[in-house]
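Participant: Following the hints, position chain B against chain A.
Below are the chains, spelled out letter by letter.
Protein chains: 2
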Amino acid sequence: MNQDYIQPDNWSIIEEGFDVERVKSSESLFSIGNGAMGQRANFEEQYSGKTFQGSYIAGIYYPDKTKVGWWKNGYPKYFAKVLNAPNWIGIDIEINGEALDLNSCTKIEKYRRELNMQEGWYNRSFTATLQNGITVEVNSRRFLSINEDEIGAIKFDITPLNQDATIIYKPYLDAGVSNEDTNWEEKFWEPLDVATDNNKGFVTAQTLKTAFKVTTYMHNSIFENDKDLQLSPLSIENEVDKTQFTYQVSVSKSIKSSIQKFGGYTVSLNHNNTLEAAKSAIEKATTIGYEQLLSDQKEAWGKIWEMSDITIKGDVKAQQGIRFNIFQLNQTYLGKDSRLNIGPKGFTGEKYGGSTYWDTEAYCIPFYMATKDQKVARNLLTYRYNQLDKAIENAEQNLGFNNGAALYPMVTMNGEECHNEWEITHEEIHRNGAIAFAIFNFYRFTGDYSYIPEKGLEVLIGIARFWHQRASYSNDKKQYVILGVTGPNEYENNINNNFYTNYIAKWCIDYTTAQLKRVAIEYPKDHKRIIEKVKLGDAEIQAWNKVASNMYFPKSEALGIYLQQDGFLDKDLVPVKDLDKAQRPINQKWSWDRVLRSPYIKQADVLQGFYFFEDHFTREELERNFDFYESFTVHESSLSPCVHSIQAAKLDKMDMAYQFYLRTSRLDLDDYNKEVEEGCHITSMAGTWMSIVEGFGGMRIKNSQLHFTPKIPKEWEAYSFKINFRNQIVTVNVSAAQSTFTVDGNQELVLNVNGKELTVAPNVVATI
Amino acid sequence: MNQDYIQPDNWSIIEEGFDVERVKSSESLFSIGNGAMGQRANFEEQYSGKTFQGSYIAGIYYPDKTKVGWWKNGYPKYFAKVLNAPNWIGIDIEINGEALDLNSCTKIEKYRRELNMQEGWYNRSFTATLQNGITVEVNSRRFLSINEDEIGAIKFDITPLNQDATIIYKPYLDAGVSNEDTNWEEKFWEPLDVATDNNKGFVTAQTLKTAFKVTTYMHNSIFENDKDLQLSPLSIENEVDKTQFTYQVSVSKSIKSSIQKFGGYTVSLNHNNTLEAAKSAIEKATTIGYEQLLSDQKEAWGKIWEMSDITIKGDVKAQQGIRFNIFQLNQTYLGKDSRLNIGPKGFTGEKYGGSTYWDTEAYCIPFYMATKDQKVARNLLTYRYNQLDKAIENAEQNLGFNNGAALYPMVTMNGEECHNEWEITHEEIHRNGAIAFAIFNFYRFTGDYSYIPEKGLEVLIGIARFWHQRASYSNDKKQYVILGVTGPNEYENNINNNFYTNYIAKWCIDYTTAQLKRVAIEYPKDHKRIIEKVKLGDAEIQAWNKVASNMYFPKSEALGIYLQQDGFLDKDLVPVKDLDKAQRPINQKWSWDRVLRSPYIKQADVLQGFYFFEDHFTREELERNFDFYESFTVHESSLSPCVHSIQAAKLDKMDMAYQFYLRTSRLDLDDYNKEVEEGCHITSMAGTWMSIVEGFGGMRIKNSQLHFTPKIPKEWEAYSFKINFRNQIVTVNVSAAQSTFTVDGNQELVLNVNGKELTVAPNVVATI
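Residue numbers (UniProt numbering), protein chains in the order written: chain A, 1 to 768; chain B, 1 to 768.
Treat the hints with care, since some could be wrong.
In this list, chains with the same sequence are indistinguishable; a pair is considered to hold if it fits within one copy or across any two.
[Stated by the list, open to error] List time: in silico BS3-like cross-link candidates among lysine-lysine, alpha-carbon distance up to 30 Å:
(1) K72 / K256
(2) K517 / K589
(3) K107 / K528
(4) K67 / K50
(5) K546 / K577
(6) K313 / K674
(7) K581 / K77
Read the hints as simulated data drawn from the structure, not as lab findings.
So that you can see chain A by itself, here it is in the shape it has in the complex (with noise of 0.2 Å):
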């Protein structure tokens, strides 16, 4: 952890000095993405320091051959894998005969990283002296549009200060990049055609196997003080996979010399004819051109905050981690496109092949069904339920299961399984159960309840086939038991009963049960259409009901709590607490076995369980629970914390839970784990969001209705958010005197806050 890291500011991220060491994490941490592409914050510069190069492109994806070192029936043979893409950022750029190489200056000044999440810019500034004793002023501002998502922009300013300068510009796109993480140290990309003309240039390149097209064009301009040159390049090198340009000028010192820079993608899944569209896309940016692009993003960024803003008075720190998250999210996934999803590390890192985890479901869904139109979030269901087809496949030819059976994957990017760590990829079928919880959130918050029979209803018989036949009746208990599986909290693998599992096991089949009931009598049509789909009939759905209604859940009556599985009480039950410190973080002291046999907990498990269908259990019930599971935990996810902040504040306790949101929220800026320059936590950061505005704020809907309990940590002055609730906008200020609501349009909303029905006027403050 290093809390001194990045400077304190309410809309920016700031690093300043130089630090070769920090130079991948910032990376990490300065990384910009439109939901479309995305980029580390590499220099543009030859670096010839330690750096980890990553360009990223939504939905291009490469399945990498597995390895294993045992192999188990079962495992998928291929691993889709975050692709690393082709460079458009790179300019190489020399100065009176000599590179600019942070790595070889003499001297480094001001050297300044501000990522401004208000606007949507990247800019990085220093004043740097090479080694032929120039001194130089550099600043490199880089965005990605949001409103054009194929279109990037670079404008680097050198201005000499102490000579007159030669400088020379080599601006080029390379698509012979490969990954950190491949399997086998196999590149990815074929490359195809490079074409250039004047100051534009087009390299195109197609995945191996998945033969995604992608066009990478730049387009350069010189500027002398702000005025374009209408330079043309003084010479082209092509390559078969590579294209760079030369540029020269000679500036008197304290001229600014620029290079613009215009780049980006042009895919095949958009377009047809990838290096037309990349003309195109060119036409567009020099069109619009670079100020007004710069601008356009400052609004549209202005538009995102304005729905999915947090403020925090009174503690910057923790205002700046959580629009860090907030910003991050966004960067991430904008929702536009049901075949896109929310990579663990987004565009920040190639970590964790594949995009789609339950994380999605689980911690990602409720940000975006309150901070953006429902038909976000409803993309984000559609995406399942277009790989139904690859989850029922999975079960049935990896797993042996039958009937449309579906279990989906651990890990995905285009349906199929990503992973193959049996007791993960076998094992960790609850899975299954948050993608059907999903349905019904979506369903709760929105009150839409069309997305269920037009599509829903499909995946909820899928997965509730799936409960039903990997369920399995035990004649000793008298009971269905779900035996081999490993719950939320992996620090368990191949365990019997884990509740979590049950217990979402038995409410998709109850769920999906009622479901049907409605469906068959409110769209009778799609009933029909669905049950002769998939060949449904009655005495199925009673064996389903045979295996819920005694579907078998451990527990101790003595501590009145239920167990996390068969056996948990056997443990050597030292609490956390009493666990030396420097034993810590377990998974990376300790062998794996003894990790497993311990009573730790990486992240919540049984309190899933209680998050999810929180009213099905009583506040004591809850409270006991916590207690003694919050005593085992480690958080050594970062999917835990969020959860426990929610419950610690329902529970009054406000420390903790405040303890609880500090951790999530500012995971990556102040690098707790010390493994950001891998890439930022992009999942975890919706649950940072929960936590604010379900732990702290209190919100729940219920019978349609919008709930708050609103709380403050002691720490803080006030804080606010918005929750955009079937199309009406709600803003909740929260401080200790009083919270106060607002509703955006014309209609008055009636919440329920603390118990009470509020109603609220539209444009009136309602204050409690």
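Facilitator: Chain B only, in chain A's frame:
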């Protein structure tokens, strides 16, 4: 399974007829070895068809870099591999300008392989017509000298049948070999030197990383009608890792031409100067001569058979099966060198890196104890004693134990762990128990206590310390539990309270405590030395005993059985007989999670405990547990049927015992699992021996007395075996009508047969 592949014969393994699809399987079955080196039955001449080339040298290994999909803390970084050694058997042959290659001959007749187990040689003969029209009769005989274990010999005869022939012999040595199972397709050998001297060739190479130096040598002679032509090579081609000689002869039709090749290895394990040692080996081989070596070979094998043969009358396939097993065990390990052990594939393949598994202690030691001088078994025990430091290091550094707790590796070559599946490597800890049991078993059988004060007690202490630390107290059960293990049944992973593991853990502590007391009294000097060395005090022993005396064993009172693990009765208990045959073997047909949650048992687990500790349980307990567990056992481990066979025999279920016996004794010969091409199942072969001696013969040692309860399968007329019991050779002959016992030497021996004492006078047949 292929029952018609190998011709039935009492003493030989015979294949008739050439089938390209059988070449790799036969290469395994006809493998030869002499304890120090061995090789698959690869053809001497070039062969362009499918082949698996393999030559192996005992004790020579390579640490391959571990390959995993997902790293877990505690995995070893390297992984000792059985190493494919330089090829010395190769002889490229050209006849009238065309290569002799069985894959391209126009006609192959009278193709026959014979592995003569009685005399210890391998012969291959055939008549082949080449594409150039010449028909030749070929006979090749090969053996690896038991007496001179650095010397191998080949005599390769060619008789042209229809034309005169010009024959070119191109014998070679080749160190440019690689393993089929490398993790990273690396080479394992670095060539050092190639030298030649008239008919002698030497290639010296060393293993990368381990730096074992090996000189591979050859000496060639060319004969016509068995007369040495005293030819020198026509030419010699040397490469960096290879030397190949060329000899040319012309022979008339019907005249036999031959090449005789001596070859083998001299290794830095045994010699400072391997090249000089190789020269000495050639000197020895040429001095003794081929015919004398072959005649010595017959005599040496005669001696081995004299002690270890089992005869079966009335069932040639059973006879052939048991002799094949005994032959292979002796080819693999002769017990001369305590640095060596019994690899699971012996010298017949390279699968499963590492040479030493708990198979050695659990299955092989009884065979070697009863059929060899007792120093052989003592060498096997010493092997583990010599690796105690590494077992302590393994427990400490990889798994977080302390205070001298030892965990022997799951798989090893040099004492370091060579396996990397957490559920096996970290959790299949019962292996420690078998190592302690072997110490007890050695004393029980030999009556030689000296090993324990000398070496064994230190091993026992390390093991007891491990169990003490590995058990934990369950506040729920108020007993000690052992969580997160894999038992002998590897179709369960990460289970709690595996009966076998808990039982042997308790036994290890009890046994160690008892030996500490005995050594203190009988060997006070050793006791003092050891206690000081390992720093063991009474308090620690008391702490051990607290665990041992309060160990939890899962059981079902209702069923009157011990439970394989907690929760076993929650499974869907469909017996194997009701399982669809199309689903088997389940490890090939099912995904791993399905295997795990099923009730099916790969190999004896609770029953393994009953096997080791038979006297701790009543016959009724055995029967109840046997009936229960046998019904769920799929025997998909080669180590399983023998234990069930022994117990079925004890329970007078002779048909079942016989079926299990058959399954184990001809596993490879009939290729039950369609995998013999990878190599033979060497360690399970000792289980076959146990099935007869301990199962049908009912041999036990109780209170220093040899007990028998002879039974005979109805399919057999009679069988016999010998036991070297404390340097007295006991011969047991069993038929349906009677059993006879004889003792060699001049001392009478009091046996216990069917519960009654029987005094056997020396050299007089005692009949019952």
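Participant: Now look at each hint and say whether the structure bears it out.
Facilitator: Right, here's what the structure says about each hint:
no. : hint        : in the structure
1   : K72 / K256  : neither (61 Å within a copy, 53 Å between copies)
2   : K517 / K589 : neither (52 Å within a copy, 38 Å between copies)
3   : K107 / K528 : neither (74 Å within a copy, 68 Å between copies)
4   : K67 / K50   : both (27 Å within a copy, 26 Å between copies)
5   : K546 / K577 : between (43 Å within a copy, 27 Å between copies)
6   : K313 / K674 : within (28 Å within a copy, 72 Å between copies)
7   : K581 / K77  : between (40 Å within a copy, 27 Å between copies)
Figure legend: structure checked against the earlier numbered hints; hints not met, in rising order: 1, 2 and 3.
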